[in-house]
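Chain order of the listed sequences is A and B.
Counting from 1, one number per residue, gives the positions in the first sequence under my numbering.
Counting from 1, one number per residue, gives the positions in the second sequence under my numbering.
These are calculated hints, taken from the structure and not from any lab test.
One or more hints might be untrue.
Pulled from the structure, derived: some chain A residues nowhere near chain B, Cβ distances all over 10 Å [what the hints assert, rightly or not]:
| # | residue |
| --- | --- |
| 1 | Glu11 |
| 2 | Val83 |
| 3 | Glu103 |
| 4 | Gly162 |
| 5 | Lys199 |
The calculated DSSO-like cross-link candidates involving lysine-lysine, where the alpha carbons are at most 30 Å apart (straight line), are [what the hints assert, rightly or not]:
| # | chain 1 | residue 1 | chain 2 | residue 2 |
| --- | --- | --- | --- | --- |
| 6 | A | Lys184 | B | Lys158 |
| 7 | A | Lys168 | B | Lys124 |
| 8 | B | Lys29 | A | Lys186 |
| 9 | B | Lys237 | A | Lys173 |
| 10 | A | Lys214 | B | Lys206 |
| 11 | A | Lys199 | B | Lys5 |
| 12 | B | Lys140 | A | Lys168 |
| 13 | A | Lys40 | A | Lys55 |
| 14 | B | Lys237 | A | Lys185 |
| 15 | B | Lys139 | A | Lys199 |
| 16 | B | Lys29 | A | Lys173 |
| 17 | A | Lys168 | B | Lys206 |
| 18 | B | Lys200 | A | Lys185 |
| 19 | A | Lys199 | B | Lys158 |
| 20 | A | Lys202 | B | Lys257 |
| 21 | B | Lys237 | A | Lys184 |
| 22 | B | Lys250 | A | Lys168 |
| 23 | B | Lys29 | A | Lys199 |
| 24 | A | Lys199 | B | Lys124 |
| 25 | A | Lys202 | B | Lys124 |
| 26 | A | Lys202 | B | Lys139 |
| 27 | B | Lys206 | A | Lys184 |
| 28 | B | Lys140 | A | Lys202 |
Values in this document were obtained by computation on a predicted structure and should not be read as measured data.
Don't be surprised by glycine CBs; every beta carbon is placed ideally from N, CA and C.
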Amino acid sequence: MIIADRKPLEEIMQMVKDSNKILILGCKGCVTVCNVGGAKEVGILSSILKIARKKEGRPLEVDEKTIERQCDPEYIAQVKEIVAEYDAVISMACGVGPQFLSEAYPTQRFFPAVNTTCFGGATQHGVWSERCAGCGTCVIHFYDGMCPVARCSKSLMHGPCGGSARGKCEISKDVDCIWDMIVKKKMGEGHLEDLMTMKPTKDWRTARDGGPRKSVREELVQ
Amino acid sequence: MKDLKAGSNLEKVLKAGHFAFTGECGPPKGANIAHLKEKIAHLRGVVDSVNITDNQTAVVRMSSWAASTILIQEGLEPNFQMVCRDRNRLAIQSDILGVYAMGVRNMLCLSGDHQTFGNHPQAKNVYDIDSMQLISLVKKMRDEAKFMNDEEIDVAPKLFIGAAANPFADPFEFRVYRLAMKIAAGADFIQTQCIYNMEKFRNFMKLAVDMGLHERAFILAGVTPMKSVGMAQYMAKSVPGMDVPESLIKRLRGAGKGKVAEEGIQFAVEQIQEFKEMKGIAGVHLMAIEWEHRVPEIAERAGFLPRPKVE
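For reference, chain B alone in the conformation it holds in the complex (with noise of 0.2 Å):
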């Protein structure tokens, strides 16, 4: 195939025209990399890859870039996960070429949770860079085999850059802008927040369309499916930028006990369906926090398997 950046499965199954599927697993809270191995195992052959978050909502984890490492090593692909709250410009390009070496292709450019929402609330914050400079960075030591500082990298590191983008934030929009000047700035690939309000989704969409964005990236609609009631109110109530209608909190309700969990699912299925459908969507991402084992039921019930084999 030609004209690839960086040669990653997912940038191979996107281009190629598939509808791509990734997955998203946390490092454990320590070392034990047998409880990490198994919950991957759940998602080798059921995705194109998987994200690997680094220290998401600012608790401290195994780091990102080595449990990216232990995914290549079990065989599957990961979007290794970098946030700009933790490092310095010098330990971020460090990072990059660190698990560039170690075979990593896919990079997930963020900001970061403000540590305030974390373990360690005390920490000292960084963010020497944006997320926004952080994708321009990644693309510049790509595409011109430089440091920020111009000097240049002996073997570049060659990633497919991604970016996130919420539609749900404030000021709504503004959100389509933000997301054009991920694209402008070297984002490959977008993966959105989770995505619960389908009308203002739908909304978003059309303007990105509209903008042509999605002929200048891969849109990744964001999924999480609810687990219970419970995780839906939370996530209404306390998670920043989270969108979730009265009417799926409803619906969770009135499946009645012991079935939440299934009409979670069923919501979540609904929602590709649609996101199959849905003009300038390229694939799903599926973050199924903690529920890594109920992933390959989805894929399934979702129409994924087997999923295609690039060459």
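This is chain A alone, in the form it adopts within the complex (with noise of 0.2 Å):
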């Protein structure tokens, strides 16, 4: 799923430092099930702007309301009657979500509450951690389910780079190196030869750096 980390409060009362009514608007994609912007999370920045905007003297008035995804049309049609009668609109859906209100109603503001970091899983209770880079050619089958592009600092198709030490990537001892893991596993295994091979430099059209992207279903366009 989409992993997203709350913004600062400072950043979110600068957005909304001329505004006297706002929504804040939630998901219950992705965001609710990392625990950054569902119902829940809705409810926490509600009230603690409402404290802050309270302390400067100057209140705000916020209303709450959570859709089941801000990445679909259909969805974001929900809050249609509403909007407008807002000075701002907080969305604390991914990076997507702001773009879609402010696709279909482009007479109001959206403003993101949250950081999109990346694609990723819950590696334990309330840690979240990347696996995927989505760079459109997954090779993740030619290193026994470890994705090197998303996972080694340099996306290295040959590794460990010579900064791999007791497990761990030069950048930090917080993060794991993949290509340690991934070595460990083709030895321990037998499969040496697959990390013999020389593999092909990668095409990164499919990647962000062949320019924005787009999913086409034929059978489901009319």
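Fit chain to chain and form the complex, with the hints in mind.
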């Protein structure tokens, strides 16, 4: 799923500093699962914004709403009747949300309350880690189920580099060296030969480098 | 001499069967050419080739290609280092053509330290290709006169291709295979990471020799003399993939005040003597970090002078 982190309160305060009445709009998709932008987090942000503004002596009126998804026009349409009532709308969805909202309601201002970080999953309770870089050409099967594009700090196709030490990446002791894991698994299984073949240079056109991407299912397009 | 791939001095020295001795110089943090010239002056006639680092530790310095050309002007031979961190395949290939046109004949292909280490940690990292693919690319450009996309090159860059090997990074058991891969990809010579743990290095070289790697590429052992106990402790603790045994730190500490640098040089000289006898080692790469002025003394004590002249 898509992982995100809440923006600092000061930054959000700055976004709505000229507003007196706002809507905080949550999303029941990925950001609910990673506990950053669902109904619960909408409530929390609403409370702290109101308290902070009250302290400043200019109270903020905040409404809360959470919709099914903010990456689908069908659900975006659900706020059609109310969106114009506010000075600003804060979206707690990933980076897709504020954009879909802005496209649907061009006269309203939508602000992101979260920083979208990566595609990943929960590695322990309260911790989410990157697993996919969305490069558009999956090679996970060549690396025994581990992606060096997303998980090697240098996206090496032939690792590990000289900075790999005790299973950790040179950038931080908190980051596992994925190449250390790949090599140990391959060698443990007696598949050293997989590591001894030259991998082709990556065609980055399918990644963001080729420009904004689009997926089309012809059978569904009307 | 027959079968020269690039005709660099380093290639000639190695292929004539001499034990090579290469040095290293970091370009200035600025356009201070005078300082660069002063540093390299210590290396003239003392080493066979000088590695010119490429934004090492991800700190911005004068470009390695520009500093390499200054070396050539000064009558020294550069070993142009290139990292994959800062360039995509367009810039890589164009820089390769550029340095060759300016007279560079050796090139060391590296992944590069991650930018997190350096003074611009906010930078976007490129890593369009990795060091293994870079080696293969330089070989293709040289031997097939083709770009990565198979288009013809009008006058191919004839470079003597180098690669790095770190026997001390993990996992140890894979390191010799990674070295084998680099040689298979096209590396003509190898310069290792700084060696301090001699026992581990002996084991590594035994594996390399058993695989016949020393017969397919020239392996130069990396040496960096310790200047101080603090430097040794820093390298032991803070430099990833560096193996500094406690016994060495103890030895340096035991040297006493004012004598640690001498002890560090003495250890380096002892290492070099062993490398000269070690099977599979074709030379020494001395990385005397900001200590270029001590290189002549080390070369003298290690018996490297005068350097051979090979036509």
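Structure-based check of each hint:
no. : hint                  : verdict
1   : Glu11                 : holds, 18 Å
2   : Val83                 : holds, 36 Å
3   : Glu103                : holds, 28 Å
4   : Gly162                : violated, 3 Å
5   : Lys199                : violated, 8 Å
6   : Lys184/A <-> Lys158/B : violated, 37 Å
7   : Lys168/A <-> Lys124/B : holds, 21 Å
8   : Lys29/B <-> Lys186/A  : violated, 43 Å
9   : Lys237/B <-> Lys173/A : holds, 12 Å
10  : Lys214/A <-> Lys206/B : violated, 53 Å
11  : Lys199/A <-> Lys5/B   : holds, 25 Å
12  : Lys140/B <-> Lys168/A : violated, 33 Å
13  : Lys40/A <-> Lys55/A   : holds, 23 Å
14  : Lys237/B <-> Lys185/A : holds, 28 Å
15  : Lys139/B <-> Lys199/A : holds, 16 Å
16  : Lys29/B <-> Lys173/A  : holds, 29 Å
17  : Lys168/A <-> Lys206/B : holds, 27 Å
18  : Lys200/B <-> Lys185/A : holds, 23 Å
19  : Lys199/A <-> Lys158/B : holds, 24 Å
20  : Lys202/A <-> Lys257/B : violated, 54 Å
21  : Lys237/B <-> Lys184/A : holds, 24 Å
22  : Lys250/B <-> Lys168/A : holds, 27 Å
23  : Lys29/B <-> Lys199/A  : violated, 36 Å
24  : Lys199/A <-> Lys124/B : holds, 24 Å
25  : Lys202/A <-> Lys124/B : holds, 18 Å
26  : Lys202/A <-> Lys139/B : holds, 18 Å
27  : Lys206/B <-> Lys184/A : holds, 22 Å
28  : Lys140/B <-> Lys202/A : holds, 17 Å
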